[in-house]
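Peer 1: Respectively, the protein sequence lines represent chains Z and V. The working numbering puts the first residue of the first sequence at 1, with every later residue one more than the last. The working numbering puts the first residue of the second sequence at 1001, with every later residue one more than the last.
Honestly, the hints are just simulated from the structure, not real lab data. If a hint is listed, it holds; no wrong ones were tucked in.
Chain V stretches covered by chain Z per the calculated footprint, using a threshold of three residues with CB under 8 Å from any CB of chain Z:
#1 1080-1092
#2 1100-1114
#3 1222-1229
#4 1254-1263
#5 1268-1274
Part of the chain Z face toward chain V, derived, beta carbon under 10 Å:
#6 Leu125
#7 Leu257
#8 Leu301
#9 Leu309
#10 Leu320
The C-beta atom is built at its ideal place from N, Cα and C for all residues, glycine as well.
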Amino acid sequence: MPQFLTAHPLVRHLLVAALGMVVVVTVLGAVGEFRRFQLAEMASLGIAAGGLTVLTGINGQLSLGHGALMAIGAYTTALLLPDRDAGTPLLLVLLAAVAVTALVGVVLGAAAARLHGPYLAGATLALAIAVPGIALHFKGTLGGEQGLRVVMPRPPTWAEDATWFLTAQELTSTGWIAFIAWTTLIVTYVLLASLTSGRVGRRWRAVRDDEIAAQLVGIDVGRARISAFTVSAAAAGAAGCLLALVVRLSAPGSFGLVLSLTLLAVVVLGGLGSLAGALLGAGLLTFLPQVATQVGRDAGLSDIQAAELAPLVQGVVMVLVILLAPGGLAGAWRGARARLRKRGRTPGLALAGAAPTEALGPVDIDATDPFPAEPARPVPSESTKGARP
Amino acid sequence: MQQLVNTALGGLVQGMVFAAFALALVLIWRSTRVVNFAQAPMAMVTTFIALSVIDATGSYWLGFAAALASGLLLGAVIERGVVQHVVGKGELNAVILTLGLFIVLHAGAAVVFGNEFRSFPAPFGVRGIEVGGQSVALTTSGLFTIGAVLVVMGLLVVLFRFTDVGLRMRAAAFNPEVARLLGVRVARMTTLGWALASLVGSLAGLLIAGGSLVHPSYMDSVVVLGFVAAVLGGLESPAGAVVGGLLLGVALSFVSGYLGSQLVALAALVILAVVLAVRPGGLFAPTVARRV
Chain Z
1 MPQFLTAHPL VRHLLVAALG MVVVVTVLGA VGEFRRFQLA EMASLGIAAG
51 GLTVLTGING QLSLGHGALM AIGAYTTALL LPDRDAGTPL LLVLLAAVAV
101 TALVGVVLGA AAARLHGPYL AGATLALAIA VPGIALHFKG TLGGEQGLRV
151 VMPRPPTWAE DATWFLTAQE LTSTGWIAFI AWTTLIVTYV LLASLTSGRV
201 GRRWRAVRDD EIAAQLVGID VGRARISAFT VSAAAAGAAG CLLALVVRLS
251 APGSFGLVLS LTLLAVVVLG GLGSLAGALL GAGLLTFLPQ VATQVGRDAG
301 LSDIQAAELA PLVQGVVMVL VILLAPGGLA GAWRGARARL RKRGRTPGLA
351 LAGAAPTEAL GPVDIDATDP FPAEPARPVP SESTKGARP
Chain V
1001 MQQLVNTALG GLVQGMVFAA FALALVLIWR STRVVNFAQA PMAMVTTFIA
1051 LSVIDATGSY WLGFAAALAS GLLLGAVIER GVVQHVVGKG ELNAVILTLG
1101 LFIVLHAGAA VVFGNEFRSF PAPFGVRGIE VGGQSVALTT SGLFTIGAVL
1151 VVMGLLVVLF RFTDVGLRMR AAAFNPEVAR LLGVRVARMT TLGWALASLV
1201 GSLAGLLIAG GSLVHPSYMD SVVVLGFVAA VLGGLESPAG AVVGGLLLGV
1251 ALSFVSGYLG SQLVALAALV ILAVVLAVRP GGLFAPTVAR RV
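Can you build the whole structure from these sequences, using the hints too?
Peer 2: This is the structure:
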């Protein structure tokens, strides 16, 4: 690409986004209904993971409550689209879900801003368990165990016409929601990439790397933390809204601890802080269950046992990544590229084969270690030492 | 009035279990600065082992012993096998690792032991004791729960206060460098700490399971409640964990009895938020200068 096109991050992001849109439309036109459904699920997972990877990788806050935030987005959607006559435009529903979740994110972020490491993890874990309980308790408005049905509005005529014109196919409702989900994903990723590559992102990283130094240069640490949490929560809200639209249901069972842990697995596998990694991780974990279950069945396991293979693989991968390659897929990719450069080959060769969305990713190029470890220190804290001099 | 007493008594029994669970978390936190989010599935696995032994032999007590022994072993294996490699490498790594273990143990148990609800026998009666012609909510099993946790805590106190090994373990947790110079095998002590904590955790698992149903995810909410109890007492202090567990048990019992059982987790979250906001070091922490 010519230099002037890649110089400004925003221009580069928009170019990649346009390319991504083309790929999305082509792929969605080429695959069958079931794949469209899966791709829509993947987009939803990818959006939430994108938000989480920014929060955890760039700002250093770990949240296990993103499943709960997605639930908030999903229930907002379900309440706005109770039946076919609701007639609320989808864009409005999506924005409402984002707004409500972002609002919750501000409150949570303010509470979380003072917490670190395991304390934050524990508090958000409590959130992940508590929120489905709310849906169970208020059976009247939130539907209890069964959840609330979500009714998709009909696709607008222009979309039907455009689909017919471009692909000579009827626009199915799954195809329509998959298209919306991927458009939202691309918009979200452009916004996140622009935020993290700019001044805001630098502040978030500064707070992550060294809080005291960040304070010394005049960064309001609390505000940086809260803003990161809010942005991340907004992404989770959009993801929850889309997931509810895809599965046509908003039920507490689908937003439990499992979802939160899956999101964490996605971002760890992808490499914390990398949007491309998050998308890749979301893809892997969307299609993994089917493959793992099939392998399990072929190996002679019962259906119920085979269904558990997917989370088993997911957990094992998560442990292995943390032990062996804390940079995840994105870290491995960067490492491979650096080695290629050293050997004097052109990196363009390697780039050509990659997914077009890859270029959105390296928002964090200089950070090879996504976990800014605190400097090595003896195991007991300063406070225990002080207590018993 | 009767309901009030029954709710409080139920909470006390429940609180004892939380206390044991919180104690397990605190033991590990003190020795390795890791909050072991995999504690609940570890206890779940040992409970399933106990259930298999009970099914095979018909004896509750053999199963009980098997669970505690496998707990000891599992804790040591996990510390030696994986946890050791992330200690001191940043707090996120350790948290993510234990959550990965959470998923692995969870799914592994579902593959090995099946994913359906199975009933777990109770060692004693689950009917209320008669006091003055009225039946109160305290059952023989409940009394056993309280007794078992108290015995284990007593043993731990004896171990840490009055034995040589206990002294070494405290030294290793307090200052590994100096302890090493004085000839303490720190790595061995850390492994022992994890093994003991895992044993206490598996006791908690057994006590929760007694007389009810077990399932690979039956301990999931306990991981949060145990964490809240531990934070309530301050992650540093074993005595605080016990008091925190009891307080939480009684408080949640009242929430469950008077407001609705689905709100228990929410109430725990509220309690956690309030405690962290007001006293980040926990209610009984000896120090206040710790960053959370």
